[in-house]
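Engineer: Listed below are the residues making up each chain.
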Amino acid sequence: MNHLRGVYTIWYRDILRFWHDKMRMISSITFPLLFLFVFGSGLSARMGVLGPGIDFTQFIFPGIIGMTVLMSSFMAGVSVVWDREFGFLKEVLVAPISRASVAVGKTLGSATVALLQGLLILLFAPLIGVSFTASTLLVLLPLMFLLAVSLGSLGVLLATRIRSMEAFQATMQMLMFPMVFLSGAFFPLQGLPAWMNIMVKFNPATYGIAPIRQIILGTDPNLSYSYNINLFGQTLTVWNEVAILAIFGVIVILLAMWSFSNQE
Amino acid sequence: MKDYIIKVENLVKRFSELVAVDNISFCVEQGELFGFLGPNGAGKTTTINILCTLTKPSSGRALIDGLDVVRQQSQVRQLIGLVFQDPSLDERLSGLQNLRFHALVYSVPASVREQRIEQLLKMVELWDKRHNKVQTYSGGMKRRLELARGLLHHPKVLFLDEPTLGLDPQTRNRIWEYVLELRQREGTTIFLTTHYMDEAEKADRIAIIDYGKLIAIDTPGKLKKVVSKDVISLKTDDNARAAEEIKVRYQIEARHDGDGLCFEVNNGEEFLPIFLKEFSTKILNVSLRRPSLDDVFLKLTGREIREEEVNDQFKTMVRQHGRRMRR
Numbered sequence: 001m002n003h004l005r006g007v008y009t010i011w012y013r014d015i016l017r018f019w020h021d022k023m024r025m026i027s028s029i030t031f032p033l034l035f036l037f038v039f040g041s042g043l044s045a046r047m048g049v050l051g052p053g054i055d056f057t058q059f060i061f062p063g064i065i066g067m068t069v070l071m072s073s074f075m076a077g078v079s080v081v082w083d084r085e086f087g088f089l090k091e092v093l094v095a096p097i098s099r100a101s102v103a104v105g106k107t108l109g110s111a112t113v114a115l116l117q118g119l120l121i122l123l124f125a126p127l128i129g130v131s132f133t134a135s136t137l138l139v140l141l142p143l144m145f146l147l148a149v150s151l152g153s154l155g156v157l158l159a160t161r162i163r164s165m166e167a168f169q170a171t172m173q174m175l176m177f178p179m180v181f182l183s184g185a186f187f188p189l190q191g192l193p194a195w196m197n198i199m200v201k202f203n204p205a206t207y208g209i210a211p212i213r214q215i216i217l218g219t220d221p222n223l224s225y226s227y228n229i230n231l232f233g234q235t236l237t238v239w240n241e242v243a244i245l246a247i248f249g250v251i252v253i254l255l256a257m258w259s260f261s262n263q264e
Numbered sequence: 265m266k267d268y269i270i271k272v273e274n275l276v277k278r279f280s281e282l283v284a285v286d287n288i289s290f291c292v293e294q295g296e297l298f299g300f301l302g303p304n305g306a307g308k309t310t311t312i313n314i315l316c317t318l319t320k321p322s323s324g325r326a327l328i329d330g331l332d333v334v335r336q337q338s339q340v341r342q343l344i345g346l347v348f349q350d351p352s353l354d355e356r357l358s359g360l361q362n363l364r365f366h367a368l369v370y371s372v373p374a375s376v377r378e379q380r381i382e383q384l385l386k387m388v389e390l391w392d393k394r395h396n397k398v399q400t401y402s403g404g405m406k407r408r409l410e411l412a413r414g415l416l417h418h419p420k421v422l423f424l425d426e427p428t429l430g431l432d433p434q435t436r437n438r439i440w441e442y443v444l445e446l447r448q449r450e451g452t453t454i455f456l457t458t459h460y461m462d463e464a465e466k467a468d469r470i471a472i473i474d475y476g477k478l479i480a481i482d483t484p485g486k487l488k489k490v491v492s493k494d495v496i497s498l499k500t501d502d503n504a505r506a507a508e509e510i511k512v513r514y515q516i517e518a519r520h521d522g523d524g525l526c527f528e529v530n531n532g533e534e535f536l537p538i539f540l541k542e543f544s545t546k547i548l549n550v551s552l553r554r555p556s557l558d559d560v561f562l563k564l565t566g567r568e569i570r571e572e573e574v575n576d577q578f579k580t581m582v583r584q585h586g587r588r589m590r591r
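Sequence order for the protein chains is V and D. Going by the numbering used here, the first sequence opens with residue 1, and the numbers climb by one from there. Going by the numbering used here, the second sequence opens with residue 265, and the numbers climb by one from there.
Derived from the structure by calculation, the hints contain no laboratory data. Using N, Cα and C, we set each Cβ at its ideal position, and we do this for glycine too. A hint or two may mislead.
As the list claims (entries may be wrong) - Restraint-style ranges between C-beta atoms, simulated for each label pair:
#: 1; chain 1: V; residue 1: Glu85; chain 2: D; residue 2: Lys386; range: 28 to 34 Å
#: 2; chain 1: V; residue 1: Ser164; chain 2: D; residue 2: Pro433; range: 34 to 40 Å
#: 3; chain 1: V; residue 1: Glu166; chain 2: D; residue 2: Asp468; range: 44 to 50 Å
#: 4; chain 1: V; residue 1: Met174; chain 2: D; residue 2: Ser371; range: 38 to 44 Å
#: 5; chain 1: V; residue 1: Glu85; chain 2: D; residue 2: Gln434; range: 27 to 33 Å
#: 6; chain 1: D; residue 1: Ser402; chain 2: V; residue 2: Pro193; range: 55 to 61 Å
#: 7; chain 1: V; residue 1: Tyr225; chain 2: D; residue 2: Val334; range: 56 to 62 Å
#: 8; chain 1: V; residue 1: Glu85; chain 2: D; residue 2: Gly566; range: 33 to 39 Å
#: 9; chain 1: V; residue 1: Leu33; chain 2: D; residue 2: Asp392; range: 38 to 44 Å
#: 10; chain 1: D; residue 1: Arg325; chain 2: V; residue 2: Asp21; range: 41 to 47 Å
#: 11; chain 1: V; residue 1: Glu166; chain 2: D; residue 2: Asp392; range: 35 to 41 Å
To be verified - A short, non-exhaustive set of chain V residues, derived as facing chain D with CB atoms under 8 Å:
#: 12; residue: His20
#: 13; residue: Lys90
#: 14; residue: Glu91
#: 15; residue: Ala95
Stated by the list, open to error - Which stretches of chain V does chain D cover? Using the computed rule of at least three CB atoms under 8 Å from a CB of chain D, they are:
#: 16; segment: 9-18
#: 17; segment: 96-108
Kindly produce the complete structure, drawing on both the sequences and the hints.
Structural biologist: This is the structure we're talking about:
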């Protein structure tokens with residue numbers, strides 16, 4: 001009970017703060033939209049077809065959604081560092097709620113925000129000629145949330161060890177951009193150079209973005225096509241990928257809970 | 265048999281090389297206003313952090329209302345309220361939202377929550393500003409809001425770590441009014457650290473800590489009797505020579521105090537005229553006063569508590585250093 005209350009209050013505060021900060025909502029989707037429309041429009045004609053009837057803009061659309069969720073969920077860590085900088089973390093640390101529940105609350109808070117932002121991007125689907133059904137959406141939402149929780153807890157884990165805002169931001173840039181660029185968000189996973197192939201396969205974000213793409217673009221039975229990951233000569237299913245992402249997520253969130261509980 | 269709400273037994277805290285808290289023991293009674301004084305870096309904040317479960321002691325133990333601060337952490341947290349020397353509010357939320365968050369975290373029953381918040385916000389005179397974001401509040405308003413927040417869950421012990429540091433005298437007075445009123449009405453035990461000696465005078469008992477060791481613990485009145493003599497301060501054109509002359513003539517060790525000297529005598533009023541007549545070093549000015557807590561502090565620690573206030577930069581440095589150590 002105590003734990004649930006802790007998770008809820010921490011989650012609630014992050015949502016409340018987000019709600020007060022309308023600019024953040026707008027600014028956080030500008031960058032992905034810029035990518036989608038500028039890159040997409042600029043390169044579509046040259047890139048040709050990247051799936052049955054799928055042009056470059058449509059191809060990167062699921063990648064952009066994944067990128068938005070990833071970058072936004074990482075804010076969980078920023079908000080921990082931010083709270084420490086402004087002293088509010090102390091109020092949380094002396095409160096009669098467990099530290100582990102604070103870590104979970106922070107992760108879920110930013111994951112919720114990330115999900116909302118991902119949904120906002122999803123609204124642009126008709127503009128680029130991508131259509132999906134309500135049932136697609138029902139599968140997509142938990143998947144986006146899983147991606148957000150997995151990477152959000154990575155942010156929280158880092159924030160328990162990296163104390164200054166500057167250092168944390170630098171680490172985030174160092175981690176976030178390679179994660180986005182090496183996730184297959186902007187290119188097909190087939191025929192990559194060997195070094196890149198390895199890095200892509202080690203990147204947890206890959207296992208979130210591939211199934212999102214498969215669900216949005218590849219599940220039309222008439223145009224059946226696989227965007228899934230090929231691992232050790234086997235083409236994974238959406239469920240395989242989700243399982244790998246979930247295992248990563250569970251490990252990282254447990255580490256984050258442990259690390260949060262053991263800080264002074 | 266007295267009812268002790270805080271019990272500290274052989275508490276030690278080591279940060280690698282440094283012993284911040286060196287084997288201290290003391291008790292605080294229920295309902296007491298307990299002052300905890302010491303120069304910066306003496307171990308005050310570390311002790312408070314241990315008592316409010318933020319730092320684990322290296323050895324020894326501390327009990328709050330019979331509960332161990334290490335093993336029964338979350339029960340202890342429910343019992344205590346805190347006002348830190350550094351602000352710990354969410355600046356992006358309103359005053360009201362900050363209090364509601366606190367009420368949720370401390371499970372204040374929903375039935376009394378709003379009523380209690382209103383009462384407290386009115387007490388600290390922030391009711392009219394309750395919907396404003398905290399970032400628009402002044403330093404004094406923030407501190408008052410923190411005080412209201414610290415009281416919201418009706419703590420048995422309220423820790424005030426330099427609650428009036430950096431505030432104007434008017435706000436200081438007002439905060440003290442609330443604190444004293446609260447103590448009278450609720451019987452809350454108050455554990456206070458402060459740099460202001462006039463505030464320390466309000467305490468029922470005072471503990472003085474230096475280099476991590478407890479060097480005195482008693483009522484302000486009894487502590488002043490330690491320095492029962494009158495204090496003469498003087499400035500001369502040659503302090504070293506003056507000190508030597510005092511030593512030779514009266515067998516008294518004078519202490520250096522700022523750019524002057526001070527020493528203690530039994531009967532100041534009668535001593536001073538004779539002293540002025542026979543003293544040969546040129547005296548620039550001289551004063552006589554009854555001992556204050558400042559003198560007690562100076563005598564016990566060899567340092568003046570206010571010295572640190574003058575050098576703010578040093579203070580910030582010490583504090584940041586301290587913060588880093590706590591990590």
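Engineer: Can you name, in rising order, the numbers of the hints this structure does not satisfy?
Structural biologist: none
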